[in-house]
Structure formats: C-alpha cells, structure tokens
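Chemist: Generate coordinates for the entire structure from the input sequences, incorporating the hints supplied.
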Amino acid sequence: MERDVNQALAREFGLNAEEYQRVLTIMGRTPSFTEFGVFSVMWSEHCSYKSSRVWLKQLPTKAPWVIHGPGENAGVVAIGDGLAAIFKMESHNHPSFIEPYQGAATGVGGILRDVFTMGARPIANLNALRFGNPNNPRTRRIVDGVVRGIGGYGNCVGVPTVGGEINFHPAYDGNPLVNAMTVGIAPVDRIFLSAAAGLGNPVVYVGSKTGRDGIHGATMASAEFDANSEEKRPTVQVGDPFTEKLLIEACLELMATDAIVAIQDMGAAGLTSSSVEMAGKGGVGIELNLDNVPAREIGMTAYEFMLSESQERMLMVLRPDREDVARAIFDKWDLDFAIIGHITDTGRITVRHQGEIKADIPLAPLNDQAPLYTRPTLETSKKEALNPARIEDRVGLTGALRTLIACPDLCSRAWVWDQYDSTVGGQTVKRPGAADAAVVKLEGLKRALALTTDCTPRYCLADPEAGGMQAVAEAWRNLTAVGARPLAITDNMNFGNPEKPEIMGQFAAAIRGMAAACEALDFPVVSGNVSLYNETEGRGILPTPAIGGLGVLEDAAQAVGISLAPWLDIVVVGATKGWLGQSLWLREIGGREDGAPPPVDLTVERANGDFVRSRILSGEIRACHDVADGGILVAIAEMAMESGTGARLSAHPRDIPGHAFWFGEDQGRYIVAVPDHASFIRAAEAAGIPTMKLGTSGGGDLTLPDGGTISVESLRADHQRFFKAWMDGDAAENRS
Amino acid sequence: MKATVTVMLKNGVLDPQGKAIAHALGTLGFDNVNDVRAGKVIELDLNETDAGKAKAQAEDMARKLLANGVIESFRVVVE
Amino acid sequence: MKATVTVMLKNGVLDPQGKAIAHALGTLGFDNVNDVRAGKVIELDLNETDAGKAKAQAEDMARKLLANGVIESFRVVVE
Amino acid sequence: MKAGIVVFPGINRERDMAIALELSTGVKPRMVWHKETDLSGLDLVVIPGGFSFGDYLRCGAMAARSPVMAAIHDHAARGGYILGVCNGFQILTEAGLLPGALLRNAGLRFLSMDANLRVERADTVFTRQYQKGQVFRSVMAHGDGNFFADTATLDRLDGEGLVAFRYADDNLNGSARAIAGVFSPNLRILGMMPHPEDMVDPLMGCTDGKPLFDALAAA
Ligand SMILES: Nc1ncnc2c1ncn2[C@@H]1O[C@H](COP(=O)(O)OP(=O)(O)O)[C@@H](O)[C@H]1O
Ligand SMILES: [Mg+2]
Chain A
1 MERDVNQALA REFGLNAEEY QRVLTIMGRT PSFTEFGVFS VMWSEHCSYK SSRVWLKQLP
61 TKAPWVIHGP GENAGVVAIG DGLAAIFKME SHNHPSFIEP YQGAATGVGG ILRDVFTMGA
121 RPIANLNALR FGNPNNPRTR RIVDGVVRGI GGYGNCVGVP TVGGEINFHP AYDGNPLVNA
181 MTVGIAPVDR IFLSAAAGLG NPVVYVGSKT GRDGIHGATM ASAEFDANSE EKRPTVQVGD
241 PFTEKLLIEA CLELMATDAI VAIQDMGAAG LTSSSVEMAG KGGVGIELNL DNVPAREIGM
301 TAYEFMLSES QERMLMVLRP DREDVARAIF DKWDLDFAII GHITDTGRIT VRHQGEIKAD
361 IPLAPLNDQA PLYTRPTLET SKKEALNPAR IEDRVGLTGA LRTLIACPDL CSRAWVWDQY
421 DSTVGGQTVK RPGAADAAVV KLEGLKRALA LTTDCTPRYC LADPEAGGMQ AVAEAWRNLT
481 AVGARPLAIT DNMNFGNPEK PEIMGQFAAA IRGMAAACEA LDFPVVSGNV SLYNETEGRG
541 ILPTPAIGGL GVLEDAAQAV GISLAPWLDI VVVGATKGWL GQSLWLREIG GREDGAPPPV
601 DLTVERANGD FVRSRILSGE IRACHDVADG GILVAIAEMA MESGTGARLS AHPRDIPGHA
661 FWFGEDQGRY IVAVPDHASF IRAAEAAGIP TMKLGTSGGG DLTLPDGGTI SVESLRADHQ
721 RFFKAWMDGD AAENRS
Chain B
1 MKATVTVMLK NGVLDPQGKA IAHALGTLGF DNVNDVRAGK VIELDLNETD AGKAKAQAED
61 MARKLLANGV IESFRVVVE
Chain C
1 MKATVTVMLK NGVLDPQGKA IAHALGTLGF DNVNDVRAGK VIELDLNETD AGKAKAQAED
61 MARKLLANGV IESFRVVVE
Chain D
1 MKAGIVVFPG INRERDMAIA LELSTGVKPR MVWHKETDLS GLDLVVIPGG FSFGDYLRCG
61 AMAARSPVMA AIHDHAARGG YILGVCNGFQ ILTEAGLLPG ALLRNAGLRF LSMDANLRVE
121 RADTVFTRQY QKGQVFRSVM AHGDGNFFAD TATLDRLDGE GLVAFRYADD NLNGSARAIA
181 GVFSPNLRIL GMMPHPEDMV DPLMGCTDGK PLFDALAAA
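Chains as they are written, first to last, in my numbering: chain A, 1 to 736; chain B, 1 to 79; chain C, 1 to 79; chain D, 1 to 219.
For the record, the hints were derived by calculation from the structure and aren't laboratory data. Each residue gets a CB set at the ideal place from its N, CA and C atoms; glycine is no exception. Misleading hints may appear alongside valid ones.
[Claimed, not checked] Label pairs and their calculated CB-CB ranges:
1) B:A56 x C:K53: 34 to 44 Å
2) A:E379 x D:D169: 50 to 60 Å
3) A:P365 x D:E22: 50 to 60 Å
4) D:K2 x A:G347: 50 to 60 Å
5) C:K2 x A:D324: 35 to 45 Å
6) A:G347 x C:K53: 57 to 67 Å
[Unchecked claim] A short list of chain C residues far from chain B (calculated; beta carbon distances all over 12 Å):
7) G12
8) L14
9) A54
10) G69
Modeler: Structure, rendered in structure tokens:
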C-alpha cells in the first residue's frame, strides 16, 4: 500500500524534479508516503494555481461593495438591505468526461458547499457548459448525462437552476466543460471564514463518511487526457444530494449560533486542503487523529483518509464550550459529527493514525514555497478584420435567419432547462429564456439579484484579449438588459496545457482583456477558478474564460425580459457597422470561422448600458435584449418567439450590406421595445447614444426588410427542433 | 429465454440509496440490518433458445448499455 | 445472512423504463429482445443465521417499506 | 384556519408553501418537524414538495413511514384538512391516505414548466374559489408525477367525483386519465402534483394558485 517516495513516484504524482527537490529541502528528509501525498495535491495545478497565479493578480478585485474578494471559499459583495451575495463558479470538466452524470452532479454539490460554508443560503445555481461536435455520438451521451446530473443534484437540494449557457465545438470533443455557479445570501455581519484560530479548539468533521473516492482527483484535474486515462481512472465520486441538503440546513442552523470559529468545505484534495488551508490562513498548527474520522470503508490508510475526495463533508473549528450545541444539531439532521483534532501553536500539520505519526509538515513552507511559475507565453497572432462588402450573401435574410435560429449554438435550450427546477423557492422572477439574465427576488424583500454566465470561446480563440474583454462586457450587458446594476463577477478560466507557450499566451491575454473590462465597467472579480490541461491527445479546447455575473435590482418589479409585446417600436441602441468576423453567420452560412472578432469599446459599452438601464428603470423600455450571437435579426426573432408577437422591420442603411447589418455581431448593442421611438431616440441623442428605429411589433409574423415573411410559430418550431430530435430515445441511459 | 441482469454499484462506490434505506429500516424497528445495497435489475426476454448464447448476449447488453462500467458491476443469470 | 429483495412493477403497470431500454437495445443492434422489464434489487446483510427467519424478516421489510403493493410485487432470496 | 407544514428531511418547498399560506391567511403557518407527534390545534396539515429522504427507493416511501405520520392519520380520521403537493402527494399515496401511486414520468425526464390544470369540481373547501371547468396555470416540477391506479380505482375516482384536477393541455408525465390531483372520499384531503404555491405573486408571472389558498384561509 505505502510506496517508496522517490523521483519516480514524484513524476507519477505530477511533481517535477525541481519540485521534488523542494519537498526534500522543506522536510529535511525523505517524506513519508502520506506526507508526500499531501505535498503532491497541495502543489498540484488545481490547488496551487502555480501557472496562473502571476496572471490572476492582474484582475481588479476591489470596489466599495466588495466585502471579500478572491482568497476565500467564495466572493462576497454587499447588495443592500444589510445583505451580502456570496458566489463562485467552479469547474468539473474531467470528472464529467469520465462519468457525465456524477461528474456534473458532484460539480454542483461542490460549488454549493463553497457558498454555504460562508454562511449563505444558496438561492440560485447557474452553469456554463461546452460540448463537442453534436455529430459525435459521444457528445450526445455526455450532454444527456451532464444535464441529468445538474438537474438530479440541483433539483433535489432545492436550489433553483436559473440560468446558464451551452456551446458546441469540435474542440471540446474529448474535453467537455462543466462549470457550475452558486449564489447565496447572508447578512453582511454573519459571514463565516476559514482561518482557524484558538489554541486547543476542537477540529470537527461533519457530513458524510469518508471512502476511497476520487483519490488524487485534484492531480487528475491537473493532467491531460490520453487514450489510457479511462483505464487508469480512480474511483468516481457519487453525489448524494440528500445528504447535501441536510448539510446545508444543519450548517445554517449551527451558523445561527456563536459556535463556529472557522469553517471550510472539503473539496478537491479533501481533508488535506481543508485542514492545511484553515490552519495556514490562521497562522496556527493543526493536529488530526484519523482514527476518529468517520469511515465508510474498512482498512483505509492515512494516505487515503488525507486524499479522499468523498463528497458532502465539511471541516470546522468550534468554540470548545459549544461542542454540545453543535453535536445536537448534527444529530438532529442524522449527519456524522466527529472531533478529529485540535488547533495547535506549532505551525505544523500533524497527522496521527493508529498510534503512529503519519505526517508532520511545517505549514508555512508548504503554502509559501508552493511552486509558482511565470511560464513562457506566445501571443496569438492578430487576425485581419474582414470587410463585409467582400463577403457574399448567397442565402438571403429569411434563409439565414431560419438556419441560424435552428443551429445547435442558437437553438432553444428549453429541452435543457425544462429538466431543471427553476422555480423552487418561489422567488424566480425571470426564468431561463425569459430575459438576458435570470432574476431572483430576495425572500420578503423587493430587492432582486440578476445573474448570468457568459463567454464566446470562438472570439477568445481568434483574439484572447478581445475575447476576454467581450466575455466580461457581455455579462455586464446581460445584467444591464434586465435593469440591474452590475456588481461583480466570478470567473472560470478553462484553458489547455499551460506548459505550451501559445496556451499560456491565450491565458495571459484573456486576463488582460478581462482586467481592462472589469476596470472600465466597475465590475471586479471576487472569486473564480482555473482549470488547465483541458486537452486530449495534445489537442486543446478553445480558450474559455467563463464569466459569472451578478447584479442587483432595488425592486424586482422593474425587471424587464425579452418578451416582445404588440404595438411597440423596436429600436437598436448602439452603433452597427456590420461586423462579420467570427460571427455565427459567417460560420453557419458562410462556412468558415474567420477574421478578427468584434472589438469592444469599453467607454461606449458603459455609456450605452448606463443609458439603457436608466430607461428600463424609468419604465420606458418594455422589453430589452442584448445583441449577441447572430446579431440584430436573431435578437429580434428571439424576442418574438418568447412572446409569440411578430414585427415588421424596416430597411437597413444603404452603406452596410444587408446580411452584415442584420447578422453582424458588433458589440455594446441592445434591442429595446418602447411605446414611442421618437421620444426615446431624442433622449438617446441628448445623451450622445446612437440609436436607430428598426420596426414595430405586432401580428403573428416577422416581416423582414427584404419582404420575406415568416410566422413566429414556424420560427419557434425550427428553433425547438434540434435538442428534441437529437435527444429523444436516449431515455434508457437514465441513471439513478 | 429469460436473462436477468443485476446491476450494482461497485464496491467502494458510495451508495446513497442503500444508506438511506438502511436508515429507514432502522427507524421502522428492524434492528438487525448490517448493511443495505441498492441496485437495478433488468429482466430480458430474449428470442434465443441456447442458454450460453443468451448469457453472452445479455452480458454484451450489460456492457454496452445496462451497466455503467465506471461505477457499476453486473451479473447475469439465465433461466 | 444475505437476503436479496427483487422488486418489479406488477403486470399491468406501465414500465416506461423497460420500454426505453428495449428501444435503446434495438438501436444498438440487439434485435432479438422480445421484452424488457426494469426493477430494483435491494441486498440486505442481516444479522441473522437462520435462513427461514431471515427470509421472513426480509419479506416483512419488503411489505412495510421496500415495495409498494399498489404497483409492485417482490420476491426474496436468502443465501 | 390554523395551518401546519410538515417538514421531512429533504423537503424543499416548505418555504414556498409558507409564503403562500401566510399571504392568504395572514398568519405564519407552524412548521412541524417529522419527528413531532402532536398535531392538535391544526385545522390544515400541509405536506409540501421536495425530495423527502432524497426520494431514494421510491418517492415518498420513507417519509410515509416517519413518526409524524401516525398523527397525520389521526388528523385525517378526525376529518382534518390535508393538502399534499408534489412530494406531499406522493407521500399521501404511499401512506394510503390517497389512492394510486406516482410513477416515473412517461418520458423518464424531470419536467419543470408551467402546466394548465382544469378544475373538476368547485364545491370543495380547496377549490370553491375556482369555477368548475376553469383552467388555471400552475408550476410543474417533478420526475415522478405519472399518476397510476388500477382501472377499478380510476372508475371509482371518476364515478365518485374524486378527481380534483386534470392536465388541460399536454399530459406530459403520462398520468392515467390526465389526473393531476385527487381528493379523499370525504373531500378533506387533496393531493396534487403541480405547485399552486409558486403562483401566488404577480412578480412570478401569475397568481392562479392563490384562490386555492384563499379558499382554505376562509374555511
Ligand atoms: N480565475 C480566478 N479568478 C479569481 N479568483 C480565483 C480564480 N481562480 C481561483 N480564484 C480564487 O482562489 C481561491 C481558491 O480557489 P479554489 O482552489 O477553487 O477554492 P476551493 O478549493 O474552495 O474551491 C478562491 O478564493 C477563488 O475564488
Ligand atoms: Mg472551498
């Protein structure tokens, strides 16, 4: 069971020669097998951020409303009424490839724990998903399993899944992305942190028992896939949402008392990372006795206890005089509760098992001397901006619209969200599909949160800096489009192998773009996650910096959706040049992924958005939809399909080719529906905001400027076809 | 022929259902239950008269569809 | 002793899962499947050495919890 | 009308239910933990939705054998009112307080969407603020809502007028005779799959569920 610690084992554990040497220096001897296990997971890419940390530092993290930025289990922002929103996004990419249902389910479970560990009641889940080519039979199985897994876990714990996004691209064939986000609410003065304190204070383990699940999961999350990895896979973790639900209720009940000194979920690298981080942050020592850890299997070794990634577990430091209060609460909820150690002043982590000291490591060097790399970067070469006049349109507006709204990247996702309970809690004001951001009211208050996830990976591949900027801007825009004031983001940086300079170059550039956008939009990063080595057999995914945005509405009643009511004027806010580079029109109709992606002018972005928001809050804008994938015409079609109301659209300006005007993806734009375009446009002019009237709503048809007419009903049928046709008959795969 | 495929979670894989059932049985006063494992059973009516072939086919079906090899194991009985 | 409780939907109760599995097996090219029924199996590890008693207990558990008589029937095997 | 909401471990729509009840009755309902055994003083016992005991084994099976159920049976025997929604409906059938059983949805997928329900009779304490034949909107959110009973039972339910609601449009979960909710013979117990409690506030898009709670409040 216990193996010799040497260079060869180091390699197997994912540490290089120099890192191994550093372990020897810190320990002053050859570490024990258990000690070496602790080093290897703490120094894995997943836990140490060794390739990404130098870049992450560039992200703006401060604003007057930020209470806790990156560094805690989740980010915390003040949202008014004495409340804080606590939120984070996290990836479960590798596990979801190996076992889609359980991988996605435990991804949801993990991010929920990061949020309620800080004292928040989770009120919403979102997700950001990327899958391979739909024609690859494996993709279908993965999509089915991931969607069931997200629903299976989220529905059972009773947290509504209110939003998300899905893209398809062959680059994700061997490496789907499953990023899950949770948002919770707590009073600003009842936030729980993980820094341990108090010499002699008990260290308490609660939740499920420990088994041999997912040992070395953190290391696995930091490794590429090759043809053999399906053989080598460690035991997959199975999620138990029922136990998670009990854990949420029990923790919140305990958090209402004064018993907790510090608390931390056991996520990646389980007991190791939770104990090391809690003690490390508190600048104290910690002693664990593994004999007391509730075990599900017999004969588990110290190494296995320390590295197990069994789900639904938490670690807490309690006030010694509150042990009984705490125990009673966990007994009530039928959860394991065990005192497994205490806080010391040694600055070391000491692990005892069966009468022996199995590990004894100084914490400061384990944390401070963790490897940190400024890896070589290679900039992505800039692509040429395409001239729309040189791109021929062989299809016309009607045909292109029909093709676009039916394609996998733009078709209706109702098949997906119909499997997610989006209403539990009774506070969901805007459900999936109803608006650019989900809107969830706070129980008993008028106030509501707006939530979204965004990223356009094809832009990021073509120009990672512009793509990173665009992802943040789009999140900001989506929050604005419901009338919310954007407050902060969480991010999930999904990239390939950081040891390749071109990948590290993508990462660095994406961060640069994100940082610029966060700065300009007052939209700091308060939490996030990095997932590297997303490659299969040397082929990387599209660079995917997924953004989770959070905004606030003082009054939920002011939120607007995309649903188009009849007899309104349709106006586009923001300038249209007809940018076809990297557009979906170019890919789906033109048959190529080409050119530079649309640039984002952050000053314009902010001005346009601030104007739109003010007009939503004044009640003038009745429906609003940002212009994104597919451009203006797709946006209007989506508004029409949501309500069943059609529109008559007028001609486009002569200096822009029709397909470029209607399908171009220029940034910083919104389609709004207002009762009177004249007064709206006057106000926009006064504010220096470009606008243009596009038409009027009404009837059951969409009448295009080239004279083509499509009934909204038939558009809907096209829009909804893909998922149902693709997925039906797959029901037998159902697990559980 | 009838082939019965029983699919159980592999040893070591968490079995939340089994755990909950054991707990519920305890609440009902059944106090001599050491352990509970929950699984699935799939009864196949096969158009096949040779027991050996039926078994081989059912095993093939289990591998390809009925069991999830990552977390589950299966056994086949033919009558 | 180990008691295995197999719970199946009664005849006459629609079994969409069995139907879906049959359909999926067909898609996979298994063309000699007449019928599929899906059910549950619960393996009980009982602190009991008498086979008769173990069986009686398991049946009691099935009646009281493991099976729903409105829709399901069960059988118990003791080893 | 004094209402209590029974909370089993894993129940997750108890807050939604409490909001709806308070909105109509003006008083906060009493939250009843599943290990309590005394329901005296309550006129209405509500079992809300969720995943009691994870819905492991069978939906509602373990909850139906929980300590509080004896008191709920007594409450029923006394002629008290009981409302079970979603998991609550499943629990009531598992406990034998309502006939039939709820099987997996016909399509084997969780269904989360609005559902239109037709009111089959409007002369009960639950439904008297609707019209007979009226169609109202409600939220569906379940994986096991496929109502099943044998033909004799279904005929009896129809014959005695014990069907409360039917799905007015698509019967997506495959329920026998499109049944979405049923009454006990004394019309004092109602079980239904969709959630009227999530449609009581105009901000959530619709208040079609409110008459049900208003009617109970007036009882
Ligand atoms: N890309 C990122 N942007 C901002 N913050 C990040 C990013 N990646 C990680 N962080 C922050 O680093 C800390 C450690 O993250 P992580 O290891 O994922 O935590 P946990 O183990 O609790 O899930 C968290 O505070 C997280 O928010
Ligand atoms: Mg954490």
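Chemist: Evaluate each hint against the coordinates.
Modeler: Checked hints:
{"no.": "1", "hint": "B:A56 x C:K53: 34 to 44 Å", "in the structure": "38 Å, holds"}
{"no.": "2", "hint": "A:E379 x D:D169: 50 to 60 Å", "in the structure": "56 Å, holds"}
{"no.": "3", "hint": "A:P365 x D:E22: 50 to 60 Å", "in the structure": "56 Å, holds"}
{"no.": "4", "hint": "D:K2 x A:G347: 50 to 60 Å", "in the structure": "58 Å, holds"}
{"no.": "5", "hint": "C:K2 x A:D324: 35 to 45 Å", "in the structure": "39 Å, holds"}
{"no.": "6", "hint": "A:G347 x C:K53: 57 to 67 Å", "in the structure": "58 Å, holds"}
{"no.": "7", "hint": "G12", "in the structure": "16 Å, holds"}
{"no.": "8", "hint": "L14", "in the structure": "16 Å, holds"}
{"no.": "9", "hint": "A54", "in the structure": "9 Å, violated"}
{"no.": "10", "hint": "G69", "in the structure": "16 Å, holds"}
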